[in-house]
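Q: Sequence:
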Amino acid sequence: MSRFWASLGSLVFFVVAPGTVAFYLPWVISRGEMQPAFLGLDGIRLAGTVLVLLGLVPLLNSFVRFAFEGLGTPAPIAPPQRLVVTGFYRRVRNPMYVGVVAIILGEALLLGDVRLL
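For reference, each letter of the sequence shown is one residue, going 1 to 117 in the working numbering.
None of these hints come from the bench; they were simulated from the model.
Quantities reported herein were computed from a predicted structural model and do not represent experimental measurements.
C-beta: ideal position from N, C-alpha, C; glycine also.
Watch out, some of these pointers could steer you wrong.
Said to hold, decoys possible - Listed next, with one range per pair, are the computed distances between beta-carbon atoms: (1) T86 / V21: 22 to 28 Å; (2) W27 / P76: 23 to 29 Å; (3) F4 / L46: 36 to 42 Å.
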């Protein structure tokens with residue numbers, strides 16, 4: 001698979017899989033409404049924002065590595081041709097899961113919505 005097709009496939013899979021789980025479903029659950037901050041502390045919202053941004057780092061990095069180093073996608077129908085063992089994969093078995101969980105927890109803190117927790 002060429003880098004172009006691997007990149008395009010990874011982009012489509014990014015929108016479908018983590019896009020749904022980490023962005024669309026939390027938006028549906030929270031109805032896009034911000035609740036009062038947890039414990040009445042607005043600093044918790046800042047911590048949530050930081051957690052969302054930090055969660056994006058391993059998630060995006062993993063998708064880029066799959067396309068450029070593995071010449072494939074995270075999707076089971078177009079797996080990478082080469083094993084990716086660099087970047088976050090050097091220390092964590094599945095940095096995509098870590099990133100998505102961090103994003104969802106960050107959204108819960110940011111929106112003050114206990115349902116997202």
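Q: Could you run down the list of hints and mark each one as holding or not?
A: Against the structure, the hints:
One distance hint, 22 to 28 Å for the beta-carbon pair T86 and V21, holds here, with the actual separation near 25 Å. Separation of W27 from P76 is about 26 Å and conforms to the stated range, judged on CB atoms against 23 to 29 Å. A C-beta distance of roughly 39 Å is found between F4 and L46, which places it inside the suggested range of 36 to 42 Å.
Of the numbered hints stated above, none is contradicted by the structure.
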